[in-house]
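Protein chains in written order, with the numbering used here: chain C, 1 to 91; chain H, 92 to 495.
One or more of the hints may lead you astray.
[To be verified] Subject to a maximum C-alpha distance of 27 angstroms in a straight line, what follows is the list of computed BS3-like cross-link-like pairs (lysine-lysine):
#, chain 1, residue 1, chain 2, residue 2
1, C, 40, C, 5
2, C, 5, H, 96
3, H, 479, H, 410
4, H, 479, C, 5
5, H, 336, H, 391
6, H, 489, H, 479
7, C, 71, C, 5
8, H, 489, H, 410
9, H, 324, C, 19
10, C, 19, C, 71
11, H, 291, C, 19
12, C, 90, C, 71
13, H, 487, H, 410
14, H, 410, H, 332
15, H, 487, H, 391
16, H, 324, H, 291
17, C, 19, H, 307
18, H, 332, C, 5
19, H, 413, H, 391
20, H, 307, C, 5
21, H, 336, H, 307
[Claimed, not checked] Where chain C lies over chain H, by a calculated footprint (3+ residues, C-beta under 8 angstroms):
#, region
22, 187-198
23, 236-245
24, 287-294
Hints are computed from structural coordinates only; laboratory data are not their basis.
The model shown is predicted, which means the values in this text are computed figures rather than measured ones.
Positions of the beta carbon are idealized from the N, C-alpha and C atoms, including for glycine.
What follows is the residue order along each chain.
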Amino acid sequence: MSEQKPGWRELPFGAIPYKSSLEYHTGDWGVERPVFDLEKCTRCTFCHFYCPEGAISFDAGHPEVDLRYCKGCGICANECPAGAIRMVRKG
Amino acid sequence: MSRQKLLGLNGDEAAAYAIKQVNPDVVAAYPITPQTIIVERFSEYVADGLVDTEFVAVESEHSAMSCCIGAAAAGARAFTATAANGLALMWEMLYIAASLRLPIVMAVVNRAMSAPINIHNDHSDSMGARDSGWIQIYCENSQEVYDTCIEAWRIGEHLDVQLPVMVCLDGFTLSHTMENVLTLSDEAVRDFIGERPYIKVRGHLGEAEFRLDPEKPLTMGPLDLYDFYFEHKMHQVEAMKEALKAIPEIDEEYAEISGREYRLLHPYMMEDAEVAIIGLGSTMGTVRYVVDRMRRRGLKVGMVRMRVFRPFPTEELQKLLKDVEVVGVLDKAMSFGAPGGPLYEELRTIFYDVDENPIIVDYIYGLGGRDTPPHLIEETYEELLEVKRRGEAVEKLKFLGVRM
Numbered sequence: 001m002s003e004q005k006p007g008w009r010e011l012p013f014g015a016i017p018y019k020s021s022l023e024y025h026t027g028d029w030g031v032e033r034p035v036f037d038l039e040k041c042t043r044c045t046f047c048h049f050y051c052p053e054g055a056i057s058f059d060a061g062h063p064e065v066d067l068r069y070c071k072g073c074g075i076c077a078n079e080c081p082a083g084a085i086r087m088v089r090k091g
Numbered sequence: 092m093s094r095q096k097l098l099g100l101n102g103d104e105a106a107a108y109a110i111k112q113v114n115p116d117v118v119a120a121y122p123i124t125p126q127t128i129i130v131e132r133f134s135e136y137v138a139d140g141l142v143d144t145e146f147v148a149v150e151s152e153h154s155a156m157s158c159c160i161g162a163a164a165a166g167a168r169a170f171t172a173t174a175a176n177g178l179a180l181m182w183e184m185l186y187i188a189a190s191l192r193l194p195i196v197m198a199v200v201n202r203a204m205s206a207p208i209n210i211h212n213d214h215s216d217s218m219g220a221r222d223s224g225w226i227q228i229y230c231e232n233s234q235e236v237y238d239t240c241i242e243a244w245r246i247g248e249h250l251d252v253q254l255p256v257m258v259c260l261d262g263f264t265l266s267h268t269m270e271n272v273l274t275l276s277d278e279a280v281r282d283f284i285g286e287r288p289y290i291k292v293r294g295h296l297g298e299a300e301f302r303l304d305p306e307k308p309l310t311m312g313p314l315d316l317y318d319f320y321f322e323h324k325m326h327q328v329e330a331m332k333e334a335l336k337a338i339p340e341i342d343e344e345y346a347e348i349s350g351r352e353y354r355l356l357h358p359y360m361m362e363d364a365e366v367a368i369i370g371l372g373s374t375m376g377t378v379r380y381v382v383d384r385m386r387r388r389g390l391k392v393g394m395v396r397m398r399v400f401r402p403f404p405t406e407e408l409q410k411l412l413k414d415v416e417v418v419g420v421l422d423k424a425m426s427f428g429a430p431g432g433p434l435y436e437e438l439r440t441i442f443y444d445v446d447e448n449p450i451i452v453d454y455i456y457g458l459g460g461r462d463t464p465p466h467l468i469e470e471t472y473e474e475l476l477e478v479k480r481r482g483e484a485v486e487k488l489k490f491l492g493v494r495m
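Isolated chain H, as found in the complex (with noise of 0.2 angstroms):
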């Protein structure tokens, strides 16, 4: 293990200090809260000459990861950060960067989508882009933040995967919330992103590599119809799978530089667990916080924090959850008109053929950053446990902090 630096960083300030050590070809970036830190911490390290990268001040998100994408696809480590309604305006441009195979990293910092305009957390924003094509990472804390944003770069760019990949972090709970961050050497960070490497491809000129060369042309994303589109759509399916296997074997690798291992799934007090919350992101601290608090009063609850959403690890969960007689979903954002949340709806689903399955109920929370305190979270945990008594639950969808 290489020495560390301690540093006190917000989760922004993190993923700053993250890109500045990868030191990437471009970074594009349009200005929106609570994402704005990242963009100016990055501008002044080139600003102070502490990276070579070209820095594009550009008119809008649209174009932020336009940019990007040209970067990406000349062969550049192009970065760019946004949240909320920047993340919308960029819409169109995401799903080209995935189905262009492009590994972009994309620092996401979770922000409630208007209307009404709020500035603050939810997950309305990245989960809105789940059908996208990109990878997404959920963190936890700034740590974990700093952390991703270094592995980011090994997962999209894994020849068997060749995606883009949000890094996403709770806005202002994560983006503005000072932490202790233990940071990497610059040069274990080089040394473990190392160089991008490239797919090679049999071009009509013979073999290339997969990036845009005059001395050895390719045509990227040319008209695509009902013969040929659904065939390239199948490699996107694979990539995912593929991401699968990858994140956790790049994850043991920087495990041994760093000592700390993340992993698709992050289950806690779960071997003898009789119910059970799964959530994403940094809430998930406050879960533990009150799975540990009720622990002491002999109550068998655990909880699981997903940390990859994108690919969506279904037969982990399946392993992990199975034995549990009731799981609590925490969602924070709600798919309008549908049975729940996103989180809840996939979980279903991959239980539906499973013979033992646990009670699944969907707690909606958090929206537009409305705060959810441990003893929100023990009422839950107590629901659960009713539910468990009675061997069915009444509602299936709740609204966890909402005025009634």
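Extracted from the complex, chain C is given alone in its bound form (with noise of 0.2 angstroms):
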């Protein structure tokens, strides 16, 4: 976190945040990251709906996860319904 940050005089009007949640990059906050057999997926596209930060994409054809994002709660492992999840260590 060395990015110099806005003084107050710079910051937007009203307690609003000066940019997008897509520039916090919360992944760094997990200890674990969700790891696909695409065998066994079906492509049913479970874990990208019930992904709170919505950080996994089929752009791919295929489940990809954006570690930028993912905090590793595990919740797309839980609800795939092939078992085609699993969670390990980051890093």
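Each of the two chains sits in its own frame; use the hints to bring them together as a complex.
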């Protein structure tokens, strides 16, 4: 966190964020990350919809996680009907 | 100046009538004595179709303020009114309204805080809220209540200010006492307050108006920890400074249409005053009467009614009181365990750095609606003159009109 933050005169009015939540990389909070077994995965997209961070996409035709935002909560692994997601330690 | 109509109104009715003419988008309120008449009258205006307001009969004052916050955040003009324990129940929301910079207007009909339960006037309710970030204006009579309930919108919505405003009026003394009130035409009020202006902010989707709009989404009041919260408080510090400049400007403009100008402070007979009394609210009318009486006896006494308590008009007070030898402060609230009442403490603070400063004595008075008749004020002036002769005050904190 070496970013130089703006002084009070530069901050936008009214206690609104000065940047989008897209720029807050909250993924570094997490301990674990999901690993997808693409053999078992049925592409049902439950993990995409259950992810509280919207960090799982199907843009590539199969699930992918954006680790910049994944907090490692494990909801995707819990909800996956095919048992295709397991959580492993980050790093 | 526009044509005006003379009406017989009590303080609460004067507030309701002004708000009817303002025609705000949302009024959310819960009844509590002595504020009830405001909401009662206003709900009649709604029922009679005289206003376009969405009237929300909420289940508590906490909800009333929450509702106003939501409405104001969405860009609406929102009004509410309360007193004493109702104000206390709003507490956390008061801070949120001010910190989110929402120019809500609220009439606070000053009443003593329980316990023991008491419905009569003192300033313990709004004085407790003095650090919440609201502008506080204390009215002397129903005319001023009417005028201030109109001016308050312009003050709060001023682009350099953007803060909520409390219009304080003394319970029963003003709220339930009928007076002649000169009222402007609906058009004159509408022209004066205009439309609510919005600050332009730089959101992450580019420039937007500061209000909730699905087309240009904003996040208001997000988690704001040690790395930003302090900076946002600086915004509020600055806004209060700006309010000090904006209030007299708006007042001057209001005087052009109404012929009535209020300013920050109301000095009376201060040019050559040797001792003076300073205070807030309706009692200052009694003090003015006593000043006249004592002046006829050749005594050089004066008074200052403080109209605007937040922001605190430091320089104006220093200028006005620096040549006075003794100042008696009338505080209608006690800060228990403190050296004195709120006005006394702040007044002494601003004179600490001034070389020529008056002796300042605090008089806590009128708690729970205890009557403060002219003879008590006269005795106070006599005491202040005695302090001037001695050159020192034996007691700095006194209780006026309490049985010993």
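Hint-by-hint comparison with the structure:
1. 40(C) - 5(C): violated, 45 angstroms
2. 5(C) - 96(H): Not satisfied, since the Cα-Cα distance of roughly 56 angstroms exceeds 27 angstroms.
3. 479(H) - 410(H): With Cα atoms ~20 angstroms apart, residue 479(H) and residue 410(H) stay inside 27 angstroms; holds.
4. 479(H) - 5(C): Given that 27 angstroms is the threshold and the Cα spacing comes to 55 angstroms, the pair is violated.
5. 336(H) - 391(H): Answer violated: residue 336(H) to residue 391(H) is near 31 angstroms, above 27 angstroms.
6. 489(H) - 479(H): Distance of about 16 angstroms is within 27 angstroms: holds.
7. 71(C) - 5(C): Cα-Cα ~24 angstroms, so holds.
8. 489(H) - 410(H): Given pair residue 489(H), residue 410(H) holds - Cα atoms ~26 angstroms apart, limit 27 angstroms.
9. 324(H) - 19(C): Holds - the C-alpha atoms of residue 19(C) and residue 324(H) are around 19 angstroms apart, at most 27 angstroms.
10. 19(C) - 71(C): holds, 20 angstroms
11. 291(H) - 19(C): OK: residue 291(H) and residue 19(C) at ~16 angstroms, within 27 angstroms.
12. 90(C) - 71(C): Distance ~10 angstroms between residue 90(C) and residue 71(C) Cα, so the pair holds.
13. 487(H) - 410(H): Answer holds: residue 487(H) to residue 410(H) is near 22 angstroms, not above 27 angstroms.
14. 410(H) - 332(H): holds, 18 angstroms
15. 487(H) - 391(H): holds, 22 angstroms
16. 324(H) - 291(H): holds, 19 angstroms
17. 19(C) - 307(H): holds, 14 angstroms
18. 332(H) - 5(C): holds, 25 angstroms
19. 413(H) - 391(H): holds, 15 angstroms
20. 307(H) - 5(C): Status holds; Cα separation ~24 angstroms.
21. 336(H) - 307(H): Distance ~32 angstroms between residue 336(H) and residue 307(H) Cα, so the pair is violated.
22. 187-198: holds (count 3)
23. 236-245: The restraint on the region 236-245 of chain H is violated, since only 0 of its residues have a Cβ under 8 angstroms from chain C and three are required.
24. 287-294: Holds, because 4 residues of the region 287-294 of chain H bring their Cβ atoms closer than 8 angstroms to Cβ atoms of chain C.
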